[in-house]
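Protein chains in written order, with this note's numbering: chain A, 1 to 840; chain B, 1001 to 1186.
Simulated from the structure, these hints should not be mistaken for lab results.
Check before you lean on any hint, since a few could be wrong.
DEER-style ranges, computed between Cβ atoms [stated by the list, open to error]:
no.	chain 1	residue 1	chain 2	residue 2	range
1	A	Gln-10	B	Ala-1033	30 to 38 Å
2	B	Ser-1028	A	Gly-19	43 to 51 Å
3	A	Pro-730	B	Pro-1108	33 to 41 Å
4	A	Pro-504	B	Thr-1140	35 to 43 Å
5	A	Asp-468	B	Pro-1108	24 to 32 Å
6	B	Trp-1137	A	Glu-284	20 to 28 Å
7	B	Trp-1137	A	Ile-676	41 to 49 Å
8	A	Ala-734	B	Trp-1010	53 to 61 Å
9	B	Pro-1108	A	Leu-89	31 to 39 Å
10	A	Glu-535	B	Pro-1074	25 to 33 Å
11	B	Arg-1009	A	Arg-756	46 to 54 Å
12	B	Pro-1021	A	Arg-823	29 to 37 Å
13	A	Arg-823	B	Leu-1013	50 to 58 Å
Negatives, chain A to chain B, calculated, CB over 10 Å [stated by the list, open to error]:
no.	residue
14	Leu-268
15	Phe-352
16	Pro-482
17	Gly-576
18	Arg-820
So the derived list for chain B, only partly shown, Cβ under 7 Å to chain A, looks like this [claimed, not checked]:
no.	residue
19	Ala-1041
20	Val-1048
21	Tyr-1051
22	Cys-1056
23	Leu-1059
24	Pro-1097
25	Val-1100
26	Thr-1111
27	Arg-1115
28	Ala-1121
29	Thr-1132
30	Ile-1152
31	Ser-1154
32	Gly-1157
33	Glu-1163
34	Tyr-1166
The beta carbon of each residue, even a glycine, is placed where N, CA and C say it ideally should be.
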Amino acid sequence: MAECHPVGFQWVMEAKARGTKVFHIDPRFTRTSAMADHHVPIRAGSDIVLLGALINHVLSGGHDFREYVLAYTNAADIVSAEFRDTEDLDGLFSGFDAESRTYDPASWSYEPAEEGEAAPRGGEHAGGGRHHAETARPDQYGSGGATAHPRPRRDETLTHPRCVYQLLKRHFSRYSPEMVEQMCGIPAADFHRLAAAVVAASGREHTTAWVYSVGWTQHTVGVQYIRSAAILQLLLGNMGRPGGGILALRGHASIQGSTDIPTLFNILPGYLPMPKAGVNRGLEEYLAHAATDTGFWGNKRSYLVSLLKSWWGDAATAANDYCYDYLPRLTGDHGTYSTVLGQIDGTVKGYFVVGENPAVGSSGGRTQRLGLAGLEWLVVRDMTLIETATFWRDGPEIETGELRPEDIGTEVFFLPAASHVEKEGTFTQTQRLLQWREKAVEPPGDCRSDLWFYYHLGKRIRQRLADDEIDRPLRDLTWDYPEHGESREPSAEAVLREINGTGPDGRALSSYLDLKADGSTRCGCWIYCGVYADEVNQAARRKPGGEQSLVAPEWGWAWPLNRRMLYNRASADPRGRPWSERKAYVWWDEERGEWTGADVPDFERDKSPDYRPPPGATAQAAISGTDPFIMQADGKGWLFAPSGLGDGPLPAHYEPHESPLPNLLYGQRANPARKIYDRPETPYNPAGSSRFPYVLTTYRLTEHHTAGGMSRTLPYLAELQPEMFCEVSPELAAERGLVNGGWATIVTSRAAIEARVLVSGRVRALRLQGRTIHQVGVPYHWGWAGGGVVTGDAANDLMPIVLDPNVYIQEGKASTCDIRPGRRPTGRALLDLIEEYRRE
Amino acid sequence: MGAREWAGRWPVLRQLAGQDPRRDAARSARTDALVPRTATADSVARSVCPYCAVGCGQLVYVKDGKVTQIEGDPDSPISRGRLCPKGSASKQLVTRPGRVTEVLYRRPHGTGWERLDLERAMDMIADRVVETRRRTWEQTCEGEQVRRTLGIASLGGATLDNEENYLMKKLYTAMGAVQIENQARI
Ligand code: SF4
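This is chain A alone, in the form it adopts within the complex (with noise of 0.2 Å):
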């Protein structure tokens, strides 16, 4: 956190200052480290061993905070008596179908209170849609509420052997602290003490967080990290109360704001699922599988069809499903990685690369650039020319002679963007809040905004149409918005408000509970109503931190309703009282009959903690006044998911694809629900394999940004650190006869790149399983170009191509590869080399 958010860790600094104990676990020492009160490194790619542990330390010790867990979780429902655990199937859950690599959720829900109670609408890909399984299932996942029962049958006391909590408990028994010391390469002691420590935090009077990026997501169990660490937070009382929570730091500015309004295939603005091809025929059956009908996503028709009279306007009327219709449709992964493979196949034509460069950025490098090669057109808006605007006349294949710039047919238009200062317009950062920024100056030369760009794209496109059919959605497209300036920018407050929403009356709507499913309001993106309440632009707010509370609710504006803390009633106990008068932070009025506290209430401000659903209540009707967790189907915290993931309702270790050691806990080795891509360009190394017996994990510097594009131009930093290098171990180093501040070579199946060795002590050698595992260290920011005042080879170029289930992510941050002494070997000799140690 110190290294990549570095302004962001003086509030680790400000909390150790009043006494917390911050640990920091990574393979790596670094200035995080240094200002932590215990170091534990770990081998990349087993935490789930270590946050499985920690769960087994907290069920088996008695430590979970057991009046939360009762009434927040799903501790006490019972679990279907098909329910197979991967404790009987030696690492698989039950509905496994080993040919399509998919489970079927069926066997995972709860058993209903009532018996013949009906399943509840939606539950068609939680109870056994398989044949929809890539459609239906993983891309939806992220999207709308995973659905369940909301009345399952419930054991409060936490005995019955197929309720959650001793489902839970067999589940993680095995996860001891002697395996986090053989798989982790923790020992025992460090393992009790940060367990200790992690117990006495937590409670009525304390709490324990966990912050977390990209090293516990770009992972083939990437989804089930987060969730071990969601089940650990819950069992401690942790979610919904200050100091508490699991900390997502997301690596780029308005990171979050891209996936809130996503440029992401799988959802629409707000979370919404895009529909699939063959099960969302029409609105109405894209409502009945959309999300949960019970909770906030009940209210999915509101959020839906205002979104698409705010794309359509008066075209989209009650008589024509407010041209649901128009909305294109999904037939499995349209990830970027098989988009990628598309462009190759030649499939995809033309490609539009904005403020992104996966020619170094990627993982597969060689493969993202045969895509590209393989396009007819190519667009590539940036603020320097990046290597995949160049990578026809520069790349690596041109180098080794594979591919000659006369040979790539990719027509390619570089349009120089507007830097953060020259447009308006809002980021989100990694806590929901949105921050609008003036503009300072005006973009120089060609340089223009994204929104100037595909404002006037889309004017021009639409008056090339014909009078077709297939042209009516871009016909019918609202796409009106006021321009300034000489050229002609678009005002993008107008487009803040249209995202905003409005009223039957036009004006600004503040919230989105005031959004209609008749088609009288208007909504680009309903966890963003009230940005632009009372006709003010929210984001903008700027009273000064010092003359607000902590919370600080006057600056900027948080999604959703300016909640700066997501569940929030969680910090009062089930009567609506602190828990503690020390985490008082938001609690029942009894007297004014309301929420209130330091922040805006997570719950429905009037809903008494005495309400209770009554039969067959749906949206947030159906959720009781002690239920926190308001988006999910039940109000509760999920120890264990019944639906919603595509690879087990809890969290298991696998190895990374790529690994070099067994699975201790299982004999499925790695996840069986991983997405591999059997392809040419993109081979792996195989598992256990002494040709590449060594951990290889990516990383970033403080002075660099991602793959370097904003980072490698600028002299200040580019001085910072001038050059690529991978770090290791002394013991490594003279394993291999490596020196400091010399050369190495980096090999995988898929590529080899040089780099200058860092031998430290911060990168350890592990002890485990008799054996000693080294890992080496790589930062990814280098590339060969890229306008870059320094340059170096890409580390992406090792990576495979090999994702999470759930989400699609990659695995870049536990692979495996040699290195040895020198430069790499140029031209055909690397191509020889690299097949070299795939032959063997």
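With chain A held as given, fit chain B with the ligand onto it using these hints.
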């Protein structure tokens, strides 16, 4: 100013005379006349750092239509005026001399860049989109309506503004392009 007074202002003499060279004795007439760029700015824009997602507040100082300085915003409850090396260097992102400010074009099989007028480039891109979309249009897939094109894809960075992402998703969806992706998955 008399000679004696002038010599008295000469830092070296004062330092030789035993005054602490790290303090006032280091000052010269020139340093006295210096004022920070932040004091002479024509305007100050309130902005946000474009690198990581901490979202540190920035104050962008402008003089004669040029960015002269970027500082941390002390009012921000997130950053309290601080910026890390990247945030502190961000002025160079805007003002560095090597920044490309013109449209470049590489024709199929070409070996070099050519200049292209921005308006012309926009027209050419719009032509490509319309033609490719029509050529690769898929009304149905395995008998089910899909109403889309798999011929056009997009990958955006996560420094895009919300408003930009919104127009992108809106336009692409209306076009029927579904392979719309972002750094957020990577
Ligand atoms: S100044 Fe540094 S910590 Fe702050 S937002 Fe920018 S990159 Fe992140």
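Each hint tested on the structure:
1. A:Gln-10 <-> B:Ala-1033: 30 to 38 Å: Given about 36 Å between the Cβ atoms, the range holds.
2. B:Ser-1028 <-> A:Gly-19: 43 to 51 Å: Taking Cβ atoms as reference, B:Ser-1028 and A:Gly-19 lie about 48 Å apart, which means the hint holds.
3. A:Pro-730 <-> B:Pro-1108: 33 to 41 Å: 52 Å, violated
4. A:Pro-504 <-> B:Thr-1140: 35 to 43 Å: 37 Å, holds
5. A:Asp-468 <-> B:Pro-1108: 24 to 32 Å: For A:Asp-468 and B:Pro-1108 the Cβ distance comes to about 28 Å; the hint holds.
6. B:Trp-1137 <-> A:Glu-284: 20 to 28 Å: 26 Å, holds
7. B:Trp-1137 <-> A:Ile-676: 41 to 49 Å: Given about 31 Å between the Cβ atoms, the range is violated.
8. A:Ala-734 <-> B:Trp-1010: 53 to 61 Å: 59 Å, holds
9. B:Pro-1108 <-> A:Leu-89: 31 to 39 Å: 54 Å, violated
10. A:Glu-535 <-> B:Pro-1074: 25 to 33 Å: Holds: the Cβ-Cβ distance is about 29 Å, inside 25 to 33 Å.
11. B:Arg-1009 <-> A:Arg-756: 46 to 54 Å: Holds - the Cβ-Cβ distance for B:Arg-1009 and A:Arg-756, about 49 Å, lies within 46 to 54 Å.
12. B:Pro-1021 <-> A:Arg-823: 29 to 37 Å: 48 Å, violated
13. A:Arg-823 <-> B:Leu-1013: 50 to 58 Å: 56 Å Cβ-Cβ, so the 50 to 58 Å window holds.
14. Leu-268: 7 Å, violated
15. Phe-352: 4 Å, violated
16. Pro-482: Correct as stated: the minimum Cβ-Cβ distance to chain B is 13 Å, above 10 Å.
17. Gly-576: 28 Å, holds
18. Arg-820: Since the minimum Cβ distance to chain B is about 29 Å, A:Arg-820 lies beyond 10 Å and the statement holds.
19. Ala-1041: Because about 10 Å separates B:Ala-1041 from the closest Cβ in chain A, which is outside the 7 Å limit, the hint is violated.
20. Val-1048: 5 Å, holds
21. Tyr-1051: 5 Å, holds
22. Cys-1056: With Cβ-Cβ at 5 Å, under 7 Å, it holds.
23. Leu-1059: Because about 9 Å separates B:Leu-1059 from the closest Cβ in chain A, which is outside the 7 Å limit, the hint is violated.
24. Pro-1097: Nearest chain A Cβ about 10 Å off; hint violated.
25. Val-1100: With a minimum Cβ separation of about 5 Å from chain A (threshold 7 Å), the hint on B:Val-1100 holds.
26. Thr-1111: 5 Å, holds
27. Arg-1115: 10 Å, violated
28. Ala-1121: Since chain A brings a Cβ to about 6 Å from B:Ala-1121, closer than 7 Å, the hint holds.
29. Thr-1132: B:Thr-1132 check passes; min Cβ-Cβ to chain A is 5 Å, inside 7 Å.
30. Ile-1152: 5 Å, holds
31. Ser-1154: 4 Å, holds
32. Gly-1157: Cβ of B:Gly-1157 sits 3 Å from chain A, so the hint holds.
33. Glu-1163: At about 4 Å, which falls below the 7 Å cut-off, the nearest Cβ of chain A leaves the hint on B:Glu-1163 intact, so it holds.
34. Tyr-1166: Given a least distance of 5 Å, the restraint on B:Tyr-1166 holds.
Hint violations for this structure: numbers 3, 7, 9, 12, 14, 15, 19, 23, 24, 27, all remaining hints satisfied.
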